[in-house]
Structures are given as C-alpha cells and as structure tokens.
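Could you build the full structure based on these sequences and the hints that come with them?
Protein chains in written order, with my numbering: chain A, 1 to 75; chain B, 1 to 238.
Read the hints as simulated data drawn from the structure, not as lab findings.
Careful, some of the hints might be misleading.
Pairs of lysine-lysine, DSSO-like flavour, derived with a Cα cap of 27 Å [as the list claims (entries may be wrong)]:
#, chain 1, residue 1, chain 2, residue 2
1, B, Lys162, B, Lys181
2, A, Lys33, B, Lys58
3, B, Lys207, B, Lys225
4, B, Lys225, B, Lys107
5, B, Lys61, B, Lys79
6, B, Lys79, B, Lys107
7, B, Lys181, B, Lys207
8, A, Lys33, B, Lys61
9, A, Lys33, B, Lys107
10, B, Lys79, B, Lys225
11, A, Lys33, B, Lys79
12, B, Lys61, B, Lys107
Pairwise CB distance ranges, derived in the manner of DEER restraints [what the hints assert, rightly or not]:
#, chain 1, residue 1, chain 2, residue 2, range
13, B, Gln229, A, Ser41, 45 to 55 Å
14, A, Gln25, B, Asn75, 20 to 30 Å
15, A, Glu15, B, Lys162, 32 to 42 Å
For every residue, glycine included, the Cβ atom is placed at its ideal position computed from N, Cα and C.
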Amino acid sequence: MIYYSIVPLEIVYAEESSENESQVQEVEIEGVKMVIRMLSSTEAQVERLLSPNPQDYLNPRFYPGSRIRLVPSWR
Amino acid sequence: MNEEKKTGEAPAADKPSGVVDTLQTLGQVNVPAGEQDTYCLSIIGQVEGHLVLPSQNKTTKYEHVIPQIVAAEQNPRIKGMIIILNTVGGDVEAGLAIAEMIASMSKPTVSLVLGGGHSIGVPIAVSANVSFIAETATMTIHPVRMTGLVIGVPQTFEYMEKMQDRVIQFVARHSNISEEKFRELMFRTGELARDIGTNLIGPDAVKYGLIDRVGGISDAISELKRLDQIRGQEGHMQ
Chain A
1 MIYYSIVPLE IVYAEESSEN ESQVQEVEIE GVKMVIRMLS STEAQVERLL SPNPQDYLNP
61 RFYPGSRIRL VPSWR
Chain B
1 MNEEKKTGEA PAADKPSGVV DTLQTLGQVN VPAGEQDTYC LSIIGQVEGH LVLPSQNKTT
61 KYEHVIPQIV AAEQNPRIKG MIIILNTVGG DVEAGLAIAE MIASMSKPTV SLVLGGGHSI
121 GVPIAVSANV SFIAETATMT IHPVRMTGLV IGVPQTFEYM EKMQDRVIQF VARHSNISEE
181 KFRELMFRTG ELARDIGTNL IGPDAVKYGL IDRVGGISDA ISELKRLDQI RGQEGHMQ
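Encoded structure:
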C-alpha cells in the first residue's frame, strides 16, 4: 500500500488497545446507514451515522448516543 | 433514502400516533423531512483503501464512498453534491479513486475543506467543480510514503516518483496550481517540524491556486445552487 497521510504509520498501526470492537457494527435502520454498539441482544446505541443525507442527522431517534430497541420482526 | 421518503409521505392516519410516540418517548417532535436535493459526502479521518486499518483510526472507506457517488450521479432527485473534508490523508489508490469519481461526475460538485485536508485529501478537495477552504483550515502537502518491504534499489525511487506524479498531475489538472509549483511546495524544507513539505492555511491555499475560494458552508451551498442553475439553463438550450 502506498500511504499518503500526515499521521505517522506507527500511530496508524499502533497496537489495538482493547476489547469490545466486535460489539460495534455497521447496520442500516430505516434506510439510514449507521454504526451501532450493541448493549445487549435487544438494545443498541448509536455510535455515528454514515448517511449522506444531511436530514438524517436531524432525526432525534438517531442522535449519537441514543438507544435503539431491536425488536425481532416477521415478514 | 427510500425509507426516508416513505416516512415523509406516510398516510395521514399514521401521522398523529407517530408524533405522539416521539413526543412521549423523547419529548421531541420529529423534524419534518424536506425534499433533499443536496448529497453530502463527508471525508473524515483516514481514507481507507485496500487494507482495513486498526479500529482506533477513524476512517472513510472507499467501499462506502464510491457507491454513494454512483448513486448520487444516477438519482434524478439529487441536484448536486457537497464534499466536506476533514481528513489526515490515507491510501493513495483509494483517495485518487474517490477524486477521479468526483471529477468525472456530470452533476455540480462543491468541496469544502474544514479543519484539515491533508495529503491525499488535497486531490479530493480539488476534484470538485469549485473548492472552498475555511479560513482556519489547513492543507499539508508532503512527499508520499510507502509501507511494507522497501528494497533499496534505484527502481524503488523511480516507482515512488511515478506514484507521486499521479497525485501531482491530478492536482495540477484540477486546480490552478502548476505542476512545478506543487512539486516545490511538496519538497520544501524548513516549514514542517518533522517532515519536508508545506502547510497551507486557508488563504494561502487560495493564493497558490490550489483552492478556488475561502469560504464556509453558506458559500458552498449557494455556489452549488448557482452551478445547478447554470446546468439547468444549458439543459434547456440543448
């Protein structure tokens, strides 16, 4: 890889400090792509939105830190 | 996007209960979703390409960005794209891929550099039709580095030079800076503490012709609207 950045490589590839990486995942909820952290099997917390639609960021349900209940659904 | 549209056009019967739900649970009413015709592409943190970076890095992944650009180009509702940059650089191939995608779009594109648009962020910033930089934002221009095994032979140098030229030529083609000037900024000594290169702050980037104008979000949005109007008029003439 050719790397072109002001961040030194030793910082980019520093040993990963921790842990709960697997609880963070990328999902799409109601058409909005976001990164969530699983708190339990039924509850998640919004880490950040990845949506390119600025209006999605005004939706109070998807503010970073807000909790989303994950309900199983049958379709 | 489709989902967003659906909620915006939900049948009247569903509306009151939805509002009451949000009011009860959050004490807030939903912000009405307006018709969104601007696509907002934010390039933040590292530009991530062929290698997944460790999780402490905040990254913009090209597999996210490239389909977004394709979608924005194809979606008839999208009138223009605004690219917000606050990036430290990253993978050359991924950065150039994004820059080439933006440069080859038919819809109006405007970029805005906030905070920093360093290294590979530079070609991405200049790839838009019109580029803006915030007064306090900086852009660092420095030589390209290579990871992994580096063999100490002359060919390595030539290869690096070639890779560097890709960046330099792209920037020269898409901005008002000349290849020679950009090269000079890239290899200048005595400006950066730990590296060779140059740090351009807001108005400096404009002075060298790298960026078109100093401005903020309102300038960027109004420029996008203006470009869209011009495009509309041209469309009618044909």
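These are the hints, each one checked on the structure:
no., hint, in the structure
1, B:Lys162 <-> B:Lys181, "holds (17 Å)"
2, A:Lys33 <-> B:Lys58, "holds (16 Å)"
3, B:Lys207 <-> B:Lys225, "holds (25 Å)"
4, B:Lys225 <-> B:Lys107, "holds (11 Å)"
5, B:Lys61 <-> B:Lys79, "holds (24 Å)"
6, B:Lys79 <-> B:Lys107, "holds (7 Å)"
7, B:Lys181 <-> B:Lys207, "holds (12 Å)"
8, A:Lys33 <-> B:Lys61, "holds (13 Å)"
9, A:Lys33 <-> B:Lys107, "holds (23 Å)"
10, B:Lys79 <-> B:Lys225, "holds (8 Å)"
11, A:Lys33 <-> B:Lys79, "holds (21 Å)"
12, B:Lys61 <-> B:Lys107, "holds (22 Å)"
13, B:Gln229 <-> A:Ser41: 45 to 55 Å, "holds (51 Å)"
14, A:Gln25 <-> B:Asn75: 20 to 30 Å, "holds (27 Å)"
15, A:Glu15 <-> B:Lys162: 32 to 42 Å, "holds (33 Å)"
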